[in-house]
Amino acid sequence: MNVTLAQMTASLAASPAQSMADASIDAETTQLTRQAQAGSPEAFCALVDLHHRAARRVAAVALGDATEADEAVQDACITAWQRIGRLEDPAAFRAWLLRITWRKALDRRRSLAAWLRRFRDGAVKGQQALEAVEALPDGAQSQDARLIARERDRIVAETIRSLPARLRDPFLLASTGEHRYDDIALMLGIPVGTVKWRISEARRVLRDKLIRRGISA
Amino acid sequence: MNRDYDLDLLDDRIDRVARELTRVSPDFTFNAKLDDRLVPTSNAGPTFSIRALATVSVAIAIVMLTSMWWRPTQMTRTDDQAVVPPALEGRALAAVSPLPLSVARMSVTRRTPEPTMPPGRVATVLDVAPLAIVALDVDTLADLEPLHVDDVRVVEIATREMREYR
Chain U
1 MNVTLAQMTA SLAASPAQSM ADASIDAETT QLTRQAQAGS PEAFCALVDL
51 HHRAARRVAA VALGDATEAD EAVQDACITA WQRIGRLEDP AAFRAWLLRI
101 TWRKALDRRR SLAAWLRRFR DGAVKGQQAL EAVEALPDGA QSQDARLIAR
151 ERDRIVAETI RSLPARLRDP FLLASTGEHR YDDIALMLGI PVGTVKWRIS
201 EARRVLRDKL IRRGISA
Chain P
1001 MNRDYDLDLL DDRIDRVARE LTRVSPDFTF NAKLDDRLVP TSNAGPTFSI
1051 RALATVSVAI AIVMLTSMWW RPTQMTRTDD QAVVPPALEG RALAAVSPLP
1101 LSVARMSVTR RTPEPTMPPG RVATVLDVAP LAIVALDVDT LADLEPLHVD
1151 DVRVVEIATR EMREYR
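Those protein sequence lines, which keep their order, are chains U and P. Just so you know, the numbering used here puts 64 at position 64 of the first sequence, and the rest follows in order with no gaps. Just so you know, the numbering used here puts 1015 at position 15 of the second sequence, and the rest follows in order with no gaps.
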């Protein structure tokens, strides 16, 4: 069961069932976007329902905190509603919303207030994030094995967070499994080749750091 | 072989933890649909109008402040130029006494013992204060005697352009 992220992404892209589901969502998105552009708030809310999960994961990558991510998505949706008339291609709504969300999340990440909040609550939120990791199913492991696995996961999470943003952002965006390299490149405003290189480099750095810390598996 | 296997396991762990770090709860409520923020887009004008109004107000304020700063500067500069050289101060001022004291900047660059000014010659003085042109005819210039002025320079810089009349 050793499926790497790249293999997982490729399998998602190649799955016929997934492709049909994507086509259905794309058609619905296009139709709803046209209605929203005509001034229908209900259609816009339906669009948000379709795509908020992807948007919130994008914001979570930038902010590292689910609550802040949700606030960024609220802001992004308001902005998207105000500007939806300018969107030329209704089929591109999802990518457009994710780009707005990414910019809103970056604004929050760069704001002084957010920095102070993270500094003040850093320990608590870091602990919350790690609790999510610790809540993973343990299977039939012994108590000791579970403790060791959780400690290793905690160190892995800490190491991922310690990556520089230019490596961490594309790596975490790819790890959601919801975005193609093209989408990530559009969001970050960098070429696709650079996205691939940064993801690969992030993995290499993570491996090196974790092996130095004694996490070999 | 073991090392490759371990690296695969490590990659699995990294990917699993990375996914968890961006995991979000399924519950999400778009707050705007609960209040009045989602007005039809065609009515979204007021936001723009308020912004435009603020922009225009700031622009007007900048223009007003700039004009307040610029005018006194210009007047001060003009006044500074309307200085009569000390050597001529008493008589020259007497000669142009009908005019405002800030009428012109005058200087004598050369004095000759006899008047050489041809009849009908007109020297022009620009009155810098009201920016009106005032002419001094030869007779008026002759009143500058006994300086025997034949080389009076009336220099006007009110329009930032120096003109000399001999």
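Everything labelled a hint here was simulated from the structure, so no lab data went into it. Don't take each hint at face value.
[As the list claims (entries may be wrong)] Derived pair list, reagent style SDA-like, types lysine to any residue, alpha-carbon separation capped at 20 Å:
no.	chain 1	residue 1	chain 2	residue 2
1	U	LYS209	P	ASP1006
2	U	LYS209	P	MET1064
3	U	LYS196	P	ASP1012
4	U	LYS209	U	TRP197
5	U	LYS209	P	LEU1007
6	U	LYS209	P	LEU1010
7	U	LYS209	U	LEU167
8	U	LYS196	U	ARG213
9	U	LYS209	U	THR159
10	U	LYS209	P	THR1055
11	U	LYS196	U	ARG180
12	U	LYS196	P	ASP1006
13	U	LYS209	P	VAL1056
14	U	LYS209	P	ASP1011
15	U	LYS209	P	VAL1058
16	U	LYS209	P	ARG1023
17	U	LYS209	P	ASP1008
18	U	LYS196	U	SER216
19	U	LYS209	U	ILE148
20	U	LYS209	U	GLY177
21	U	LYS209	U	ASP144
[What the hints assert, rightly or not] Which chain P residues stay away from chain U? Per the calculated CB distances, all over 12 Å, these:
no.	residue
22	LEU1009
23	THR1029
24	ASN1031
25	VAL1058
26	ALA1059
27	ILE1060
28	ILE1062
29	VAL1063
30	THR1066
[To be verified] Only some residues are given here: those of chain P computed to face chain U with a beta carbon under 8 Å:
no.	residue
31	LEU1010
32	ILE1014
33	ARG1019
34	VAL1024
35	PHE1028
36	ARG1051
Don't be surprised by glycine CBs; every beta carbon is placed ideally from N, CA and C.
Against the structure, the hints come out as follows:
Between LYS209 (chain U) and ASP1006 (chain P) the alpha-carbon distance is near 15 Å, which keeps this suggested pair within the 20 Å criterion. Annotation: proposed proximity of LYS209 (chain U) to MET1064 (chain P) is violated, straight-line Cα distance about 62 Å (limit 20 Å). Taken as a hint, the LYS196 (chain U) and ASP1012 (chain P) pair is honoured in the structure, with Cα atoms around 18 Å apart against an allowance of 20 Å. With a C-alpha separation of about 18 Å, the suggested pair LYS209 (chain U) and TRP197 (chain U) falls inside the 20 Å cut-off, and the hint holds.
As the CA atoms of LYS209 (chain U) and LEU1007 (chain P) are separated by approximately 13 Å, the hinted pair is consistent with the 20 Å bound. As the CA atoms of LYS209 (chain U) and LEU1010 (chain P) are separated by approximately 12 Å, the hinted pair is consistent with the 20 Å bound. Only pairs whose Cα atoms come within 20 Å are accepted, and LYS209 (chain U) paired with LEU167 (chain U) is accepted, the gap being roughly 14 Å. For the proposed pair LYS196 (chain U) and ARG213 (chain U), the alpha carbon gap of about 26 Å is over 20 Å, so the pair is violated.
For the hint pairing LYS209 (chain U) with THR159 (chain U), the CA-to-CA distance comes to about 7 Å; that is within 20 Å, so the pair holds. Between LYS209 (chain U) and THR1055 (chain P), the direct Cα distance comes to roughly 52 Å. Violation of the 20 Å bound is thereby established for this hinted pair. A C-alpha spacing of about 11 Å is found between LYS196 (chain U) and ARG180 (chain U), which places the hinted pair at or below 20 Å, so the restraint holds. Restraint check for LYS196 (chain U) and ASP1006 (chain P): the C-alpha separation of about 23 Å exceeds 20 Å, so the hint is violated.
As the CA atoms of LYS209 (chain U) and VAL1056 (chain P) are separated by approximately 56 Å, the hinted pair breaks the 20 Å bound. Restraint check for LYS209 (chain U) and ASP1011 (chain P): satisfied, since their Cα atoms lie roughly 13 Å apart, inside the 20 Å limit. This hinted pair does not check out: LYS209 (chain U) and VAL1058 (chain P) have alpha carbons roughly 54 Å apart, beyond 20 Å. Distance restraint check for LYS209 (chain U) and ARG1023 (chain P): the Cα-Cα separation of roughly 24 Å exceeds the 20 Å cut-off, and the hinted pair is therefore not satisfied.
Proposed proximity of LYS209 (chain U) and ASP1008 (chain P) is supported: the alpha carbons are some 16 Å apart, at most 20 Å. Note on LYS196 (chain U) and SER216 (chain U): the hinted pairing is violated, with a Cα-Cα distance of about 24 Å set against a maximum of 20 Å. Annotation: proposed proximity of LYS209 (chain U) to ILE148 (chain U) holds, straight-line Cα distance about 18 Å (limit 20 Å). Among the hinted pairs, LYS209 (chain U) with GLY177 (chain U) is inconsistent with the structure: their alpha-carbon atoms are about 24 Å apart, more than 20 Å.
Among the hinted pairs, LYS209 (chain U) with ASP144 (chain U) is inconsistent with the structure: their alpha-carbon atoms are about 24 Å apart, more than 20 Å. With a minimum CB-CB distance of about 4 Å to chain U, LEU1009 (chain P) fails to clear the 12 Å threshold, and the non-interface call is violated. Non-interface call for THR1029 (chain P) relative to chain U: violated, since the shortest CB-CB distance, roughly 9 Å, does not exceed 12 Å. Against chain U, the non-interface label of ASN1031 (chain P) is violated: not every CB pair exceeds 12 Å, the least being about 6 Å.
Against the 12 Å criterion, VAL1058 (chain P) stays outside the reach of chain U, whose nearest CB is about 22 Å from its own CB. The beta carbon of ALA1059 (chain P) sits about 24 Å from the closest Cβ of chain U, which is more than 12 Å, so the claim that it is off the interface holds. At roughly 27 Å, the least C-beta separation between ILE1060 (chain P) and chain U is larger than 12 Å, which holds for a residue marked as non-interface. Every C-beta of chain U lies more than 12 Å from that of ILE1062 (chain P), the closest at about 28 Å, which supports listing it as non-interface.
With 12 Å as the threshold on Cβ separation, the claim that VAL1063 (chain P) sits away from chain U holds: the shortest Cβ distance comes to roughly 31 Å. At roughly 32 Å, the least C-beta separation between THR1066 (chain P) and chain U is larger than 12 Å, which holds for a residue marked as non-interface. Taken as an interface hint, LEU1010 (chain P) checks out: its beta carbon lies about 5 Å from the nearest beta carbon of chain U, inside 8 Å. Evaluation of the ILE1014 (chain P) hint against chain U yields a held restraint, the C-beta minimum of about 6 Å falling below 8 Å.
The restraint placing ARG1019 (chain P) at the interface with chain U holds, with a minimum CB-CB distance near 5 Å, inside the 8 Å limit. With its C-beta approaching chain U no nearer than about 4 Å, VAL1024 (chain P) sits inside the 8 Å limit, and its interface hint holds. With 8 Å as the threshold, the beta carbon of PHE1028 (chain P) comes within range of chain U, its nearest partner Cβ sitting at about 5 Å, so the hint holds. Violation of the interface hint for ARG1051 (chain P) is found here, the shortest Cβ-Cβ separation to chain U being roughly 12 Å, above the 8 Å cut-off.
Hint compliance for this structure: hints 2, 8, 10, 12, 13, 15, 16, 18, 20, 21, 22, 23, 24 and 36 are broken, all remaining hints hold.
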